[in-house]
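J.: One-letter residues, chain by chain:
Number of protein chains: 2
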Amino acid sequence: MGLDALSQKPHDRLADWLADDMVAVNLLIRDRMASEHAPRIPEVTAHLVEAGGKRLRPMLTLAAARLCGYGGPFHVHLAATVEFIHTATLLHDDVVDESERRRGRPTANLLWDNKSSVLVGDYLFARSFQLMVETGRIEVLGILANASATIAEGEVLQLTAAQDLATTEAVYLQVVRGKTAALFAAACEVGGVIADAPVGHIDALRDFGDALGIAFQIVDDLLDYGGSDASIGKNTGDDFRERKLTLPVIKAVALADAEERAFWERVIEQGDQREGDLARAQAIMARHGTMAAARDEALAWAARARAAITLLPDHPLRAMLDDLAGYVVARIS
Amino acid sequence: MGLDALSQKPHDRLADWLADDMVAVNLLIRDRMASEHAPRIPEVTAHLVEAGGKRLRPMLTLAAARLCGYGGPFHVHLAATVEFIHTATLLHDDVVDESERRRGRPTANLLWDNKSSVLVGDYLFARSFQLMVETGRIEVLGILANASATIAEGEVLQLTAAQDLATTEAVYLQVVRGKTAALFAAACEVGGVIADAPVGHIDALRDFGDALGIAFQIVDDLLDYGGSDASIGKNTGDDFRERKLTLPVIKAVALADAEERAFWERVIEQGDQREGDLARAQAIMARHGTMAAARDEALAWAARARAAITLLPDHPLRAMLDDLAGYVVARIS
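As you go down the protein sequences, you meet chains A and B in turn. For the first sequence, this note's numbering assigns the number 30 to the initial residue and increments by one for each residue that follows. For the second sequence, this note's numbering assigns the number 30 to the initial residue and increments by one for each residue that follows.
It is possible that part of the hints are untrue.
Derived contacts from chain A toward chain B, CB cut-off under 8 Å, selection only [said to hold, decoys possible]:
1. 63
2. 66
3. 148
4. 158
5. 162
6. 174
7. 177
These aren't lab readings, by the way, just hints derived from the structure by calculation. For each residue, glycine too, the CB sits at the ideal point set by N, CA and C.
All chains should be built: construct the whole structure from the sequences, respecting the hints.
T.: And the structure:
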């Protein structure tokens, strides 16, 4: 099977298997993002929620719950919760990054303004906790409150690490855990919790989500230096322009000679970026093989994700999650 | 007893009575606003948390719990929760309003930046839910998740109502419930819930907080047109410059003749504000008596707050809450 077939199927197969559940999730999302008093809220959220995101995180929750034999109604609430938290972080990230495109559309803060992005994000965050309360399970509130704190911490850490050439791979990993892996891990874990799965299975699901999230983010950061605008719906070079220290850059800085060091200081630390600098950064990273080295790390995290779920019972959904971990890194293979 | 004595005592007496509890709350706040990985977080929060705010909301929670005979440890967690949610909304409000001062100091977003305000607010919000999870009481999570949704909705509503002369007193009341009364009401209610108070007492506490919050906000809005910079730590005329439709303005617009109507359209709808316009707005409101009318409404809400707690058992704290409702409106009497 070619990489192309591999890279398309796992997500679609998950979506097919979980189709009825996803219909219920989408209905619940539409119902709960409404606001009787403040019509601007659904205007802003619809922009993101209807934009055709992959709904990867809610599918992880649904898959985890179903895989653990859950037959109740609350996996739908938790899947909607996870999507709301994700959407809230995107809205707040739009304020933060001053990025110009998100999912291939103008960001909410260009269509409306920073104010609406902040407040509507807050609204969705509050709504997500209301959904969790409805499940009556305080453990899931604990898991997702912890994830939310880790997300915010990771974003702040990224802010302070940006423009700092002393950023280590360990700090990068913390940032990635915060900005991506924490919600992936929690999305999987709460699916196991709501199904009353054994502790070992819940741990396996969390580890799967964590490793999958890290692989996913490393790949995303690699694509920012190599993907095409069309394929990822965001501008190549965004991270470079925002002077973020992502894995291939951190590795290249560690291997830099004096001239390259001066280059990184100018473009990242001083923010003095000129025509051709992005291409030069790409050339330096290619010379040191840091894109390939970062790719190898992504592959290793994907392998860890796959290893974690071997502890779970045999199930068609387990096979799809396994394939999904392969798909995530296939984007850069 | 003169107004001055009246206006100083209730808050201080509450603080004295609850001194040991407040020490515990402040310790917990300092402990939980720390972040191992992201030192910018306590830098930003300390700025607000240490700024000597009145800690009115956490004292309401402590007072409600003690008044209902609570002897456990978790009223401290809930008081810290309420202060974290309040601080998070201030941080996000700083981004939103582009206001220049908060509690008499420069706002966080001038000392740091919008990014930090958004993300640190998110962090405190997540931390507040972690604190609630520790109490093991899912009802309090429900109450404060609902309050958080109402707060965000109210802020969005205020955003869309700003600059709109068609804003009614009913919309104003909704905005005020969102921006102030929802958290006051929840702060009181969770104190009763954690103490396992009878439903009638919990309802009375919530009604007290709601009415107190509405009185408090009407007074705050009045002071924005008449208080001195020193006494309230924020710039008189902020609401006017931000073109907010607050109660005395809404009442004045309803009574405006053609010339006044043209004035309001220019300064509020078109945002064309010139030297002397604030003084003219004040003069128009004085002519129609709308400041006095709004003051009467604040007094009526304070009376409702006092009436609500007559249902509670006789207790020194009940008397202090009663005095507090008097104090809140004494600022404008």
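J.: It remains to establish, for every hint, whether it holds in the given structure.
T.: Hint by hint, here is what the structure shows:
1. 63: This hint is violated: residue 63 of chain A lies away from chain B, its Cβ roughly 11 Å from the closest one there, beyond 8 Å.
2. 66: holds (5 Å)
3. 148: Since chain B brings a Cβ to about 5 Å from residue 148 of chain A, closer than 8 Å, the hint holds.
4. 158: Status holds, d = 4 Å.
5. 162: Constraint on residue 162 of chain A satisfied, holds at 4 Å.
6. 174: holds (4 Å)
7. 177: Since chain B brings a Cβ to about 4 Å from residue 177 of chain A, closer than 8 Å, the hint holds.
Violated hints amount to a single one, hint 1; each of the other numbered hints is respected by the structure.
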